[in-house]
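Please work from the sequences and hints to get the whole structure.
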Amino acid sequence: MEALGVYAPRLVSQRQGFASGHRACAGCGEALAVSLVMKALGRNVIISMSTGCMEVVSTLFPHTAWTVPWIHTLFENSAIVASGIEAGLKALRRKGASLPQAKVVAMGGDGATFDIGFGAISGAFERGHDFLYVCLDNEAYMNTGIQRSSATPFGASTTTQPAGKVGMGQLTWKKNMPAIAVAHGIPYVATASPSYPFDLIAKVKKAAEIEGPTYVHILSVCPTGWRIPTDMTIRIGRLAVESGIFPLYEVEKGKYTLSYDPPKLRPVEDYLKPQGRFRHLTPELIDKIQQRVTAEYAALREKAASG
Amino acid sequence: MDKKVTVNIDGRELKAKEGQTILEVARENGIPIPTLCYHESITPYGVCRLCKVEVFKGGRSRLVPSCLSPVEEGLKVVTDSPQVKDNRRMVMESFLARCPKNEVIRKLAAEMGVKPLPVKSKHLEDEDCILCGLCARACEQIVGRSAISPVNPRMKQEQATLSLKPSAACIGCGTCAYICPTGAIKMKDGDGTRVVYARNWKKEFKLKKCQVCGNYWAPEAQLEYIRKKVNLPRGFFDVCPNCRK
Chain A
1 MEALGVYAPR LVSQRQGFAS GHRACAGCGE ALAVSLVMKA LGRNVIISMS TGCMEVVSTL
61 FPHTAWTVPW IHTLFENSAI VASGIEAGLK ALRRKGASLP QAKVVAMGGD GATFDIGFGA
121 ISGAFERGHD FLYVCLDNEA YMNTGIQRSS ATPFGASTTT QPAGKVGMGQ LTWKKNMPAI
181 AVAHGIPYVA TASPSYPFDL IAKVKKAAEI EGPTYVHILS VCPTGWRIPT DMTIRIGRLA
241 VESGIFPLYE VEKGKYTLSY DPPKLRPVED YLKPQGRFRH LTPELIDKIQ QRVTAEYAAL
301 REKAASG
Chain B
1 MDKKVTVNID GRELKAKEGQ TILEVARENG IPIPTLCYHE SITPYGVCRL CKVEVFKGGR
61 SRLVPSCLSP VEEGLKVVTD SPQVKDNRRM VMESFLARCP KNEVIRKLAA EMGVKPLPVK
121 SKHLEDEDCI LCGLCARACE QIVGRSAISP VNPRMKQEQA TLSLKPSAAC IGCGTCAYIC
181 PTGAIKMKDG DGTRVVYARN WKKEFKLKKC QVCGNYWAPE AQLEYIRKKV NLPRGFFDVC
241 PNCRK
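Note that the protein sequences, when read in sequence, are chains A and B.
Our numbering applies: residue 1 is where the first sequence begins, and numbers increase by one.
Our numbering applies: residue 1 is where the second sequence begins, and numbers increase by one.
Since the hints were derived computationally from the structure, they do not count as laboratory data.
For each residue, glycine too, the CB sits at the ideal point set by N, CA and C.
Zero decoy hints are in this set.
Covered, in the sense of this in silico footprint (three residues per stretch, anywhere, with C-beta under 8 Å from a C-beta of chain B), are these stretches of chain A: (1) 233 to 241; (2) 261 to 272.
Interface residues of chain B toward chain A, partial, derived using beta-carbon atoms under 7 Å: (3) I142; (4) V143; (5) Y178; (6) I179.
Below you can see the structure in the form of structure tokens.
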């Protein structure tokens, strides 16, 4: 679906669920992702969103960018609040209230998903609530000033783990959150990127239609934290996919399908080079990343081939 | 400033701009009306008949397709009266008879509680197309190529490239596959070719290979069309957007 972007943009809904005028940085990939997610979901949704960039930039009192019911939760409990809303709707229906169909959606950044809210998400997946969890992954705590999270990739320089004479940035590899979601045995898990808007819209629509817990992981390029020019957002998102660092795939009931499988992967250097947070990497470290990415991509391909 | 009118839909007094259709006003206010042939970016066609609502005016009522009917001052509209439901059931039954195996139609019918009639069509067992004409209108209005259109009159009508041969005007952009509400038109990319196909026609396109990274990225015919339309130099699309400096 990725090449469809030439005439089909005119066929995407013009209704904005996430209104303009919010305070996101110039070139924010996360605002773009949320806007596309809202176009895919339509208006019959209830959103619980944990603290993070998107909560801070979109709801400065007394303004809001949201045109749908929206609840701000603490960092850790967007999945808990979503579970509660879903259970509440169910109870009201059981008691005979006639309510319109509404999808419950929880959203959070990578900090809320990978670190702080991790247990709550796991619990909600395990209990099997009918909700969609959207992770907006910009690979660090950008809102508070680029502190490392467990989503920060190997070698990236952050303010709490800076590159310099002593260290070389993040020393650990990125946690594989989609694989953890798959391990819960939930019906649908997908990765998406706003650089591939039709793919993202299709995946969110599909996830919202499926009953039961679903998980969509979106890589949101952050020019501020990744130290790139603001006009590079879309290109960096595409390079992440084409180099195999962030492959696009769906997992339906444990069955892997690659959404975009280029015949030849780009070298990871194409992706790392324009970013200031990877500026200090030596050829040896880049080679180490390349080996890891190649191996992980091959493993993913194998999973997709074996079904 | 547009003139405002007040309409009553399902007992709710709603403000609307003059010239808006009943369907637009209802959807803006969260009142569900099912449709198959409607799209907000394309001129309405009123052919699927699923969006019919009951309109009360001058002491009598009638069923009108809401995608084509503009709102008027003091209009009273009901979207879930027995007559409307009866009409929807009948429309869905005929879609089910035409496309008994189509997932979208079956799902929509199940949501409305409509069961298939015990009639079976002899010729249309595998039909997915419901003749909504969205593909033809999108190709004309959005892409500007008119490569697809209804062929054959009345009972034998089908949605196809003219005369069922691969159309020379088709550029393989896939807009028809994207907009098709029932998935009758499909598209597949692989090994340097893209195939756009339906039950009764099929066309293959060569994809452009990027001279730098070697990945295939868009149909050659489409890129040539865009290049001519916006007056780009020859060879502009030899390199994919990710490799372009």
